[in-house]
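K.L.:
Spelled out from the first residue to the last, the chains are:
There are 2 protein chains.
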Amino acid sequence: MATGNPNLATLHPVSGVKISTVSAGIKTPGRNDLVVFELAERSSVAGVFTKNRFCAAPVTLSKQHLSEASVRYLVVNTGNANAGTGEQGMKDAKATCERLAEIMEVEANQVLPFSTGVIGENLPMDRLLNALPLVKSALVEDGWVEAASGIMTTDTRPKGASVQFEYQGETITITGLSKGAGMIKPNMATMLGFIATDAVIAPDVLQGLLTETATKSFNRITVDSDTSTNDSCILVATGQVEAAVINSEQDPLFAVFKAHLQALMIDLAQAIIRDGEGATKFVSVQVENAVSQDEALEIAYTVAHSPLVKTALFACDPNWGRILAAVGRANIAPFDLNKLAIYLDDVCIVEHGGRALSYSEADGQDVMNREDITIRIDMASGEASETVWTSDLSHDYVTINAEYRT
Amino acid sequence: MATGNPNLATLHPVSGVKISTVSAGIKTPGRNDLVVFELAERSSVAGVFTKNRFCAAPVTLSKQHLSEASVRYLVVNTGNANAGTGEQGMKDAKATCERLAEIMEVEANQVLPFSTGVIGENLPMDRLLNALPLVKSALVEDGWVEAASGIMTTDTRPKGASVQFEYQGETITITGLSKGAGMIKPNMATMLGFIATDAVIAPDVLQGLLTETATKSFNRITVDSDTSTNDSCILVATGQVEAAVINSEQDPLFAVFKAHLQALMIDLAQAIIRDGEGATKFVSVQVENAVSQDEALEIAYTVAHSPLVKTALFACDPNWGRILAAVGRANIAPFDLNKLAIYLDDVCIVEHGGRALSYSEADGQDVMNREDITIRIDMASGEASETVWTSDLSHDYVTINAEYRT
Numbered sequence: 020m021a022t023g024n025p026n027l028a029t030l031h032p033v034s035g036v037k038i039s040t041v042s043a044g045i046k047t048p049g050r051n052d053l054v055v056f057e058l059a060e061r062s063s064v065a066g067v068f069t070k071n072r073f074c075a076a077p078v079t080l081s082k083q084h085l086s087e088a089s090v091r092y093l094v095v096n097t098g099n100a101n102a103g104t105g106e107q108g109m110k111d112a113k114a115t116c117e118r119l120a121e122i123m124e125v126e127a128n129q130v131l132p133f134s135t136g137v138i139g140e141n142l143p144m145d146r147l148l149n150a151l152p153l154v155k156s157a158l159v160e161d162g163w164v165e166a167a168s169g170i171m172t173t174d175t176r177p178k179g180a181s182v183q184f185e186y187q188g189e190t191i192t193i194t195g196l197s198k199g200a201g202m203i204k205p206n207m208a209t210m211l212g213f214i215a216t217d218a219v220i221a222p223d224v225l226q227g228l229l230t231e232t233a234t235k236s237f238n239r240i241t242v243d244s245d246t247s248t249n250d251s252c253i254l255v256a257t258g259q260v261e262a263a264v265i266n267s268e269q270d271p272l273f274a275v276f277k278a279h280l281q282a283l284m285i286d287l288a289q290a291i292i293r294d295g296e297g298a299t300k301f302v303s304v305q306v307e308n309a310v311s312q313d314e315a316l317e318i319a320y321t322v323a324h325s326p327l328v329k330t331a332l333f334a335c336d337p338n339w340g341r342i343l344a345a346v347g348r349a350n351i352a353p354f355d356l357n358k359l360a361i362y363l364d365d366v367c368i369v370e371h372g373g374r375a376l377s378y379s380e381a382d383g384q385d386v387m388n389r390e391d392i393t394i395r396i397d398m399a400s401g402e403a404s405e406t407v408w409t410s411d412l413s414h415d416y417v418t419i420n421a422e423y424r425t
Numbered sequence: 020m021a022t023g024n025p026n027l028a029t030l031h032p033v034s035g036v037k038i039s040t041v042s043a044g045i046k047t048p049g050r051n052d053l054v055v056f057e058l059a060e061r062s063s064v065a066g067v068f069t070k071n072r073f074c075a076a077p078v079t080l081s082k083q084h085l086s087e088a089s090v091r092y093l094v095v096n097t098g099n100a101n102a103g104t105g106e107q108g109m110k111d112a113k114a115t116c117e118r119l120a121e122i123m124e125v126e127a128n129q130v131l132p133f134s135t136g137v138i139g140e141n142l143p144m145d146r147l148l149n150a151l152p153l154v155k156s157a158l159v160e161d162g163w164v165e166a167a168s169g170i171m172t173t174d175t176r177p178k179g180a181s182v183q184f185e186y187q188g189e190t191i192t193i194t195g196l197s198k199g200a201g202m203i204k205p206n207m208a209t210m211l212g213f214i215a216t217d218a219v220i221a222p223d224v225l226q227g228l229l230t231e232t233a234t235k236s237f238n239r240i241t242v243d244s245d246t247s248t249n250d251s252c253i254l255v256a257t258g259q260v261e262a263a264v265i266n267s268e269q270d271p272l273f274a275v276f277k278a279h280l281q282a283l284m285i286d287l288a289q290a291i292i293r294d295g296e297g298a299t300k301f302v303s304v305q306v307e308n309a310v311s312q313d314e315a316l317e318i319a320y321t322v323a324h325s326p327l328v329k330t331a332l333f334a335c336d337p338n339w340g341r342i343l344a345a346v347g348r349a350n351i352a353p354f355d356l357n358k359l360a361i362y363l364d365d366v367c368i369v370e371h372g373g374r375a376l377s378y379s380e381a382d383g384q385d386v387m388n389r390e391d392i393t394i395r396i397d398m399a400s401g402e403a404s405e406t407v408w409t410s411d412l413s414h415d416y417v418t419i420n421a422e423y424r425t
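Sequence order for the protein chains is H and X. Sequential numbering from 20 applies to the first sequence in my numbering. Sequential numbering from 20 applies to the second sequence in my numbering.
The set of hints was computed from the structure by calculation and includes no laboratory data. Be aware that a few hints might be false.
Any copy will do: because identical chains look the same in the list, a pair fits if it lies in one copy or spans two.
As the list claims (entries may be wrong) - Restricting the straight-line Cα-Cα distance to at most 20 angstroms, the calculated cross-link-like pairs of lysine to any residue (SDA-like) are: (1) K70 with E317; (2) K46 with T175; (3) K277 with V264; (4) K358 with G105.
None of these values were measured; they are calculated from a predicted model.
All chains, please: the whole structure from these sequences, using the hints.
P.N.:
Right, here's the structure in full:
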């Protein structure tokens, strides 16, 4: 299941990026499961990666290559995460980069590898290496839609977003893809995200932009609280629109570009929640007027991870007591229960430490029947606000994750 | 569903305790849903209560009465938690104590009230007050079995444990009840627990015994990470066996008594996990050789709460990568991945940062097919160990919690 509009947006090509999507048959014969991005020379590349201590071999190698060389290729396979695979996993990730570099006549450390799928199994290197020679002739500028499908695992739909805007007479494009539906509580990035622009952006500025916008997008979603071993998000600036230059945060284009990028990143992150495993609801948990950002996030995630809140959402049950109980067990400093107020969309459900006087079950039911629901928690104790996006906990979530490996 | 032996143990009466179980029809007409314990004069009474900030009105009032007076009665209703009910909830809890005190000819603050059931609805006081006069004539010494059923909510079976032991020629009895199946991650106590002994124990020693043994029993279980608003656990020493005296931790009987009490408390706590909502597995998560108790608990709970680990357990799928990913995202200081080892029962699944060389899928499958499974995580970095008990995440969990209020 999934929520919202299933249709993929128009994805504008980004000058300086070519994409090839081919079949290596890693998990399923014939499936288009191998995606390669070719980046123009002198592109700036920034990355954010999982904080899971058991990060996968490709994550370790991508971080190393990104720090060493000028990146020209991203190679992504689905069907196998190459995580928890020890030394063999690192050998396989390196061999993948070396073979693609050989074909494309670049150095191996100019290739960043990414893998997603089952944890703990070795990559089928014979099939992967056999497919790499197919990549070169399949590179096209208009390959974003095929790539969005090519990186899917338990996703039920491809995810992409694209924006074009005029700035001082120049048209700037930003286009991105994301994937992910389960094992989703990103910590620096989503499962996988690839975003490119044709603007000219200095590497350190690009890294700052990615870190900041990922924090307020991919790092604010959770399906099931399980941070993946493979989360990676890459932002590329190909520099093909030579007049659109961002060398520092003081450049006038910076704020405009950042706002567009942030909107696109949120769109890609929310798409993961809308396609969350078994999702029937898209839920925004907004915490307002908390003492600190940390406190606001702790409350928001405690509510967003509560199995009892999530099953009530699945049941369209306005069981507001479960929301109150989750707020009450959040690991925060003491606060004034009587000042706190909780709303379902515009319906106040809790005030003065108990059920709101104005609340009626019919009003609560009316909100819970909606597909998109906002749980708003006003702490009335400070000025910090945070929003986290999540899905409900349904039978399909259990089915998908009880059957995924079989 | 539930795991383990469904039969209730023999529950020995405790001299100085009489119990009455009657019907108030709070949620279901005719259901025996009101339980009253009568304690002998001069009994010592200790309590531990939820740390959920939205603790229910009866929890607040019980804590107050316990600090004020010599307790003679515990009154427990199921079907309604009287939580999130604001001022009216406190009025209702007080009225319940006052009416029972009037009938029994004691002071109102000699009565401790307990409620369990749906959060956020007012108690049906007319039905509750009408039933209280039935209590007095129904008091019996041999009422533990009926009481165990009387306090159930979504529990599928009554839970009790009892031990008798000889000490210096005297027979000492400890008998206890617990209830709970969902909204279970106790923080000081389980949903509800009532334990009594006929020994003579000084109040401060009794409180210390309860706090310490609850920490290693009810505070080490989790079904769904949701700490209840109503968790309460009461330990009573009626002092009827006058030769069995514990006035301090130096009394020879102290260590013997404490060990028996700890065993009984663990038994009652594990019974909650065996009856966890939708449970098909009883899972012990043991963390060994961690740097600190806090670190060991953080790792154990991260694994025990992971929806992906829990659905893999439900599916009997030896998907050890999900366990490794959960350990990797635990919020602890950096550690040496290569030293860590993870076992399913006696099968080593992870060592040297990846799948153990000796591991075979058949061995893993053999363990996962069992009903009782131990996940053992050896951090090889310190001397602290902790064990947490949990259940799996099944379709029945979702069904129970999506349908509970309807």
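K.L.:
All the hints need checking, so say for each whether the structure fits it.
P.N.:
Hint-by-hint comparison with the structure:
1. K70 with E317: both (18 angstroms within a copy, 16 angstroms between copies)
2. K46 with T175: within (17 angstroms within a copy, 42 angstroms between copies)
3. K277 with V264: within (13 angstroms within a copy, 73 angstroms between copies)
4. K358 with G105: This pair counts as between: shortest inter-copy Cα distance 13 angstroms, intra-copy 52 angstroms.
Figure legend: structure checked against the earlier numbered hints; every hint is met.
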